[in-house]
Amino acid sequence: MALADVICQLVVKGAELGELEEYEIPDLDAVAAGVVDPPRLKRRRFRRDWLERIFDAIELDAFSRLPARDIVDRLLQPRP
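Our numbering runs 9 ahead of the 1-based position in the sequence shown.
I should point out that these hints are in silico values taken from the structure, not numbers from a laboratory. Among the hints, erroneous ones may be present.
[Stated by the list, open to error] The calculated label-pair distances, taken between Cβ atoms and stated as ranges, are:
| no. | residue 1 | residue 2 | range |
| --- | --- | --- | --- |
| 1 | Ala13 | Glu33 | 23 to 29 Å |
| 2 | Ala42 | Leu69 | 37 to 43 Å |
| 3 | Asp36 | Phe64 | 49 to 55 Å |
| 4 | Val45 | Asp82 | 45 to 51 Å |
| 5 | Ile34 | Asp70 | 16 to 22 Å |
If you're wondering where the values come from, they're calculated on a predicted model, not measured in any experiment. Even for Gly, the Cβ is constructed at its ideal location relative to N, Cα and C.
Model the full assembly from the supplied sequences, consistent with the hints where possible.
Here is the structure:
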């Protein structure tokens, strides 16, 4: 439950801070309509580098020592 809470809070806070990872997908409606070179749509998602930071937090046993909001605050800080 603590891991799920951290992930949810990371997405919410990350979105508020504009920190979500941007990516593009083809416009599926255009693809379905037979457009040869469909436009690409921008989307945002959970940053992949956050997974590495979560693994570090797990190894340091942060989930048993800190509340989710503190873990999230630390994960969102820039790394040196």
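Do the hints match the structure? See the list:
no. : hint                        : result
1   : Ala13 <-> Glu33: 23 to 29 Å : holds, 28 Å
2   : Ala42 <-> Leu69: 37 to 43 Å : violated, 51 Å
3   : Asp36 <-> Phe64: 49 to 55 Å : violated, 35 Å
4   : Val45 <-> Asp82: 45 to 51 Å : holds, 47 Å
5   : Ile34 <-> Asp70: 16 to 22 Å : violated, 38 Å
Consistency note: the structure conflicts with the earlier hints numbered 2, 3 and 5.
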